[in-house]
Amino acid sequence: MSLETSIETGPVVRAAPDSSSPAIPAGGQVLLAVFLAVAVLFIGIDLLDGKLAVGDNDDLVRNAQIRGLMAGQAWFDMRLGALAMPEAYFTHYSRIVDLPYVLTGRLLAMVTDIETAQLWAARIWPPVLLLGFAWLFMAILRRLHDDDVLNGRHAMLAAMLSILALMEFAPGRTDHHNLQLVLLAAMLAGIVGRSSWGGLMAGGAAAVSVAVGLEGIPYIVTMAGTLVLAAAWRPQDFGAKLSLTGLSMATLALPAAIASYGPVMALETRCDAASAPYIAILAAGGLLMAAAPVAWNAAAGGVGQRAMAVRLALLGVPALAIPLAVVQFWPECLSGHYNMLDPLVRALWLEPILQEKPVFFQKSPKFTVVAYLGSAGFLVLAASAPMMWRRLREGRPEAAMAWVTGLVSVVLYILFERASRFTGLFIPVLAPSLLIALQAAFPKGAKPDRFARATLGAGAVLSGVFIAALALTVLQNEPKPEALDQIATDKCEGETMAAFDGVPPGKVMAPIGVSMRIVTEEPAFQVAALALQRANAGLKHMFDVLAAPDGEAARPMLAPFDYVAVCARDYGSSGMEAFPLFRDLTAGRPVAGLEPVNADSGSRLKLFRITH
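If you're matching positions, the sequence shown starts at 1 in my numbering and goes up one per residue.
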């Protein structure tokens, strides 16, 4: 079969044993090995400098949380001991993610000290999750493309486009995003798999994903929506899968939330974590999905567009009750998971965070990564569109389900830069279509496929427009030192923690960056604020202190604390006039009410005792 013929007639799908968990036969093992080899190469390069490319505040908080559990903290005691705002901080980080690290750490603690055990648990589990992710990824890839077309080059390209997802599986990356990627891959594998029983995996993965973190909700809604459309179109093929997906989702919504936060927090209204509103939405939506095919069989048989419209109406009309219930019972959640933020904290902490903004607001050093991921998304979507459309005409909507999810992932990435890791899953599973289309458009000694050339040309134009827009925005946005960035990110790297030597533990008021360093290297101390939305009170307290005109004005605000810490570096940051106390401390000027501790330490990371 020629490449031209394969483009025009579509690949032949071979039969495979039904299974809710897709199996990888011999050919798939080669693809899996290539994918993992590229992943290990990327991760190995990432580890060379000792810093994780995607490591962030979330790892730090997760490690502090695990440290408390390994020290004997009650499992559903959600307080984070590292924070004192000065009131207690209750974490929204899921215990489901903590569990393997704590179990592994306790096992290793039988032969080593707790600190070393926790360190190795953090190194072991992300690569284990990578194996699960790669297996699911290859199962999806093989379901969407032909085995006799796929080879090592396709697996290599898919891995190269997955780089931002693969970085989440580096040893030491304890944040929840790697497990989230595994769960979203499991949902996609379940809905595009051959067996209807894959719906159990898809629905269960969706429920657990929401319990782990809310960022996956747009993709869960998209995948569930495509499954609904497929089932309404071809109920004989997808009706059972829709029912099983909904049943699994509804059944696991409450247990997954309880496993994450305990029965008390799970049944409260917490807009930034799996709780009453999300449990209700998952349960109601899941039950509607489970019941829909039964109602369709009774009232909406037949084929054609009219029958499909009736089936969609039978599901869609009662589904309208879900958003109405949210408006009625949980209106506070309509403003999103940052609804608890004080206006000052929103302006000074949240607004400057670039990952919450469209890609066109990023700084110039990110140009290459953004251009690469965005343009690859446009090219892959364009190249895979003919395959998707052809299979739809053949009555096989699985490729369209993956394609629509990939499109949503690119749109969300453009709107919210932080979504890059998810684009690194949903676009690469379609990547083989790019090489297949290129071979068809530019064959050796054969007639080129004009349709393939046209779609590739459209993708190239979209990519070119995207890169040009980035050049006019991102490339012009040179990073400049600003006070808010210095407060948020300066950890005083390169300086020792000698100022803390021999100092009795206590509560420390410090900028966010220095606080991150303290939590990591001086865990006996507590800090006032970290980059967490639930730390709203501590963040406001911190900004108020740093903006105080002098030490005397800050004294009442510092009453609950024992120390102040700061990195005494002058970066020439703009905006320092808004934070007089911070400006004086970083410049090394004496401040009334603050007594230097270990002043002769030689480190620019300074610690001051508050003279109450």
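Note that these hints are calculated values from the structure, not bench results.
Don't take every hint at face value.
Stated by the list, open to error - DMTMM-like cross-link-like pairs, simulated, lysine to aspartate or glutamate; straight-line CA separation at most 20 Å:
hint, residue 1, residue 2
1, K491, D570
2, K363, E87
3, K491, E521
4, K51, E521
5, K480, E356
6, K540, E552
7, K357, D550
8, K507, E482
9, K366, D544
10, K540, E351
11, K366, D342
12, K480, D58
13, K540, E215
14, K51, E552
15, K507, E522
16, K480, E595
17, K491, D501
18, K366, D56
19, K540, D550
20, K363, E482
21, K507, E521
22, K540, D342
23, K366, D550
24, K491, D59
25, K507, D570
26, K357, D58
27, K491, E215
28, K357, E552
29, K480, D272
Now for the hints, and whether the structure bears them out:
1. At roughly 13 Å between alpha-carbon atoms, K491 and D570 fall within 20 Å of each other, so this suggested pair holds.
2. For the proposed pair K363 and E87, the alpha carbon gap of about 36 Å is over 20 Å, so the pair is violated.
3. As the CA atoms of K491 and E521 are separated by approximately 11 Å, the hinted pair is consistent with the 20 Å bound.
4. Distance hint between K51 and E521 is fulfilled; the C-alpha atoms sit about 16 Å from each other, no more than 20 Å.
5. Pair hint K480 plus E356 holds up; C-alpha atoms about 19 Å apart against a cutoff of 20 Å.
6. Among the hinted pairs, K540 with E552 is consistent with the structure: their alpha-carbon atoms are about 19 Å apart, no more than 20 Å.
7. Only pairs whose Cα atoms come within 20 Å are accepted, and K357 paired with D550 is rejected, the gap being roughly 34 Å.
8. For the given pair, K507 sits about 27 Å from E482 by alpha-carbon distance, which is inconsistent with the 20 Å threshold.
9. At roughly 32 Å between alpha-carbon atoms, K366 and D544 are farther apart than 20 Å, so this suggested pair is violated.
10. Taking the CA atoms of K540 and E351, the gap is near 14 Å; set against the 20 Å cutoff, the hint holds.
11. Of the supplied pair hints, the one linking K366 and D342 is violated, its CA atoms being roughly 30 Å apart against a limit of 20 Å.
12. Only pairs whose Cα atoms come within 20 Å are accepted, and K480 paired with D58 is rejected, the gap being roughly 25 Å.
13. In summary, the hint linking K540 to E215 is not supported, as the alpha carbons are separated by about 25 Å, beyond the 20 Å threshold.
14. A hinted pair counts as satisfied when its Cα atoms are at most 20 Å apart, and K51 with E552 does not qualify at roughly 40 Å.
15. Using a Cα cut-off of 20 Å, the hinted pair K507 and E522 holds, with the two alpha carbons roughly 12 Å apart.
16. The straight-line distance between the Cα atoms of K480 and E595 is roughly 32 Å, outside the 20 Å bound, and the hint therefore fails.
17. Restraint check for K491 and D501: the C-alpha separation of about 18 Å stays at or below 20 Å, so the hint holds.
18. The suggested pairing of K366 with D56 holds, with an alpha-carbon distance near 16 Å, which does not exceed 20 Å.
19. Simply put, K540 and D550 have alpha-carbon atoms about 17 Å apart, close enough for the 20 Å limit, and the pair holds.
20. Distance restraint check for K363 and E482: the Cα-Cα separation of roughly 13 Å lies within the 20 Å cut-off, and the hinted pair is therefore satisfied.
21. For a cut-off of 20 Å, the pair hint linking K507 to E521 stands: about 15 Å separates their Cα positions.
22. The hinted pair formed by K540 and D342 meets the criterion: a straight-line CA distance of about 7 Å does not exceed 20 Å.
23. Only pairs whose Cα atoms come within 20 Å are accepted, and K366 paired with D550 is rejected, the gap being roughly 38 Å.
24. Distance check on the hinted pair: K491 and D59 sit about 15 Å apart at the alpha-carbon level, within 20 Å; holds.
25. With a C-alpha separation of about 25 Å, the suggested pairing of K507 with D570 is violated against the 20 Å cut-off.
26. At roughly 19 Å between alpha-carbon atoms, K357 and D58 fall within 20 Å of each other, so this suggested pair holds.
27. Pair hint K491 plus E215 does not hold up; C-alpha atoms about 27 Å apart against a cutoff of 20 Å.
28. For the proposed pair K357 and E552, the alpha carbon gap of about 38 Å is over 20 Å, so the pair is violated.
29. A threshold of 20 Å between alpha carbons decides the hint, and for K480 with D272 the separation of about 32 Å lies outside it, so the pair is violated.
Consistency with the previously given hints fails for numbers 2, 7, 8, 9, 11, 12, 13, 14, 16, 23, 25, 27, 28, 29, ordered from lowest to highest.
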